[in-house]
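A.B. asks: First to last, the protein sequences are chains V and A.
Under my numbering, the first residue of the first sequence is numbered 1, with each subsequent residue one higher.
Under my numbering, the first residue of the second sequence is numbered 1001, with each subsequent residue one higher.
Because the hints were derived from the structure by calculation, they are not lab data.
None of these values were measured; they are calculated from a predicted model.
Be careful, since some hints might not be right.
[Unchecked claim] So the derived list for chain V, only partly shown, Cβ under 7 Å to chain A, looks like this:
(1) T328
(2) I330
(3) Q422
(4) T423
(5) T425
(6) R426
(7) E427
(8) T443
(9) R445
(10) P449
(11) F469
(12) R470
Note that the Cβ used here is the ideal one computed from N, Cα and C, for glycine as well.
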Amino acid sequence: MRSEKRHLHFFAVFSESISILRNLILPLGVGFFAGLRHLSDQYGYMLAIPLIIVVFGYFKWLRLTYEITDGQFHLQSGVLVRNDRYIRIPRIQSVQVQTNVVLRLFGLVKLKLDTADPANKGDIVLSVLKLEEANRIKQLLGHIDDEQPSAETNIVVNPDSPKKIFRLSVRDFLTAAVTSSSIGIIGVLLAVWSQLDHLVPGNTLGSSFSYLSRLQLSALIPLIVFAVVVLWLISIAVTFIRWGNFRLIVTENQWRIHKGILETSDETYKTDRVQAIRIKEEPLQQLFGLYTVYAECSGSVDSEKGAKGSVLVFPIIRKKELQPFLETIIPRFAGSISCGRMPLRGNFYSMIKLLLFLTVVFAGLSWFFSWGKWLWLTLPIAAVWSFLCFHSSGFRLEENRIVFARRAVAKTSMITLKRHVQTLTRENSRIQQRLGLSSCSVTIRSSHPQSYTADQLESSDAEKLFQWFRA
Amino acid sequence: MSDLLEKKHLDREVVAVWRQRSIMTNLIFWLIIATIFICAAFFDWPAFIHMVTGVLAALVLLHLILSIFIVPPIRYRTFYYMIRQKDLLIQEGVFVVKQIVIPLSRVQNVETEQGPLLRKHRLTSVSITTAADTRHIPALNENEAAALRDQISELIKENTAHEI
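Isolated chain A, as found in the complex (with noise of 0.2 Å):
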């Protein structure tokens, strides 16, 4: 009963992946403006279209700063997820902070999943699905995931639904 009331978080490696998943993104993204700068400086663009890479340009980085010094830690510490006897509390969020309620009895399937990132740091994202949608708890490490998927299909059991 106690482990059932704790609040658990998620693997500290999370942090990292996050970190290498933005720094993907944004690569595509550089890719991008400097194919258009290229392009606007050999055909001879306009010159609002230097004004519009400027601009994309410096969102970009923006988003390269955010999303690899400050979302990460933050979203890291919101986030927590619990399971008491009948339902399952996540908590996420960055500037929000969203609590979400699922009771055991409308939970559907829970799933693993382990893309190729996730694979290397040895951690596996699971979701909870129920009739109306989707939650995921982002990654924890193998072990915790496969424990947590058989905990939940076991209260699930326990807690069974009505169906329609």
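For reference, chain V alone in the conformation it holds in the complex (with noise of 0.2 Å):
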């Protein structure tokens, strides 16, 4: 099988410098406002940065090859330093394919391939190919029968009769955009909104803030609560986007992973991959009884944003749903996830070390500055905070499966397996050990090293983790 050295479609000069300088733009925007009015001369620089990457993405593309030979997939890149890449076939554990709103106007896709490589080696991006080409890559892969090219049709043809197809309903969908909490771009437009004094010059907006306060209380209520709601439209919106039309198509040992409206991306997991499951509750979520389902895979995985290196399996799955959810698409990690609770006297313990170490701060800042003193409000609300972490926190122990669970903001299942646990560490300060406590942790493989911690565990609880652990 042999194939001559290729280029990336074209476009990629162009698709690459514009994410180049989509990343650009926020840092050097708020410079650029910051310094709108001593720079307008110097307004012309600003126009060579774009024609800098776009030569540079040339070079770039003009140094990017790759072939399949003799079983290996030979990637050459860099610029200046030259980096050579073979692969050899049976290692390269799927092949994702991706298209965004440019691309698809243009008929081309993004090709992804997965190693076993932790993700920080980086993966195989070819970022920019036409569809048939795509789909050449993927038989001389071998990976053709997997997937069909989903952008032309949205109608699936299955090759493997799948198990079972899971859909987002409208309902669950609406929900999932509803207490997904995308709350953060609320802080961002009003840092926007902040920044709007020095954008535009005159008295026109010049004094919104004071406009603003001027207003009656009973204009201003109506206000906010419009401010919101649109808030919420966007960020309903942006969900939509990014997960409108989600399936999860479940096979005898893999999974395919099928989202987005206008950026789609078709992902495709073997299940024996996956080290840990873990199920996650915001708080709207828990208000609900709803869980969203990540799962911590080894090798490289295209991760959403704020997944933290791990694959979104389903975003809203109903409380009573969850058994047999995870029984269809993965029935060893399958079971109960209700935990034991934490003994309370390492609730008092964590509790009481965080308000020493907050009391510190504190002291030491209202000490210095005046603003200081209104800190001390925020105890009472730290305690309440520790208090609610450890009430959802526990563990559970079965034959070889454990559960831990632990809350920040949002509650946190995890699911393993013992033979997936890397390694285990029980810890105790000398406090602890005084209390009769310990905390375990375990360290699951994954594109991102993760650990698990189970904290202020009873002393014999640890000790049974660790011999069953042992033995």
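Hints given; two lone chains; assemble the complex.
C.D. replies: Quick look at the structure:
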């Protein structure tokens, strides 16, 4: 099987330049607006930046070639430092095809090859390819039967009859959009708002805040409500674009996850790569009894923003549907996730530790700054928060399966099996020893090595866990 | 079998190594503090800089005392490792005592390493890497380290790993 060296599609030059520019625009833009008044005469220099990026992108494109020879995928890249990578084809675990709005206009796709390397070594990404070329590569790599090109049609033709297809129903979708907390946008918009004063010259918007403050309170409240509703709608739209048309197709030993409206992505994961299942409940989701399911996989994954290198398996699942769901998608992790509580004295210990730390910090701050004294008001909040964290943390030990539950803001339950645990650590400070408490943590192999901790376990439980792992 | 289950400690020399290391880092800290102090005196920097350097100096002094007189002996006393048939147990820590279990079937490689300071004391550090993280045994004498490395790699062969 031979094939000559090939370049990416020429459009790669532009699409990569655009993505670099997009990353630059925020920091540059802030600096730009800050110095707008002084820099207006040097405006021309700004135009040189995209040009440099495009030229550099051109050379990068010129130097990047790939070929498939003798059962190996060979990638050459690098403008100044040459980089040659050979990957044996059997080592390629999955091939992923993605596309976004811009690429789709030209009938182009992005191809990603997953290997068992940890993510920091870098996956092989062929950023812009013709769809036919992508299919040709897939064929050469022997992955063609895994996927159908889904760019043209939404009807799924299933090669090896799937056990089950999970779709995100409209109702679930709306709940997902409503409960997933994209409220962070509010902060961003507020920041932009405060920048507006600098942006718009003259007095038209120049005193937007003082204008607001002169409004009657009765007029202000509808305005705020309106703003929140708009933000909410925006976040629903964002979720719609990210998660719309979500499909999880489960076959005998692999998952195929399709998601996105404008930016679609198709991912295939073999289930034997899964090292742990993570079940997350945002506070709002908890109110309605909903879960989001993530998976930790070995090797590289295409991670969603905020998912920290794990795979989003399904965005919304109801409490009572969770067991059948796990049973279907990955039977070896299925089982109850209800956990035993941690001992109460552990709660007090960690609460006191937190409060002492905060007291020292606040004391320092209120000594030096006048606003420091207001910080003391957060102390009871911290205490309540610490109590809530304790309330939802716990662990569960079965024959070869463990569940760790804990909370920072969202509650996370982690399920893993003994054979996926890489190392187990038990630790206790002198005070913990005195109180008969220990903390245990397990490390899991994943694209970003992760460790999960159960704090303030009863010492006897920690010992049990320890013996369980050593047995 | 009997020598497998024995608790093994680090080489005694390691205490001296740790002390020398912390003296070196402390020297750098003191140089920085001295520079700030001299600059502040010569260039009429505001008074609060003096306060900040004062606090810094106090902290570094505390660090010096801790890291030379208190920490190394405790660290030496708590540290041990133990090889069983199927796993390696390491205990470490100063104020928080940690016990780490690494099943030999998860070990991917064992490395020995020797910096200039360790070489001077004829010591070697051993690090054990799994798919998730790396653990260190800070200092053993050269022969023991080599023996440990060979022993672990021998035991890995017996406990073959299941990939993925």
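A.B. asks: Flag every earlier hint the structure violates by its number, smallest first.
C.D. replies: 1 and 2
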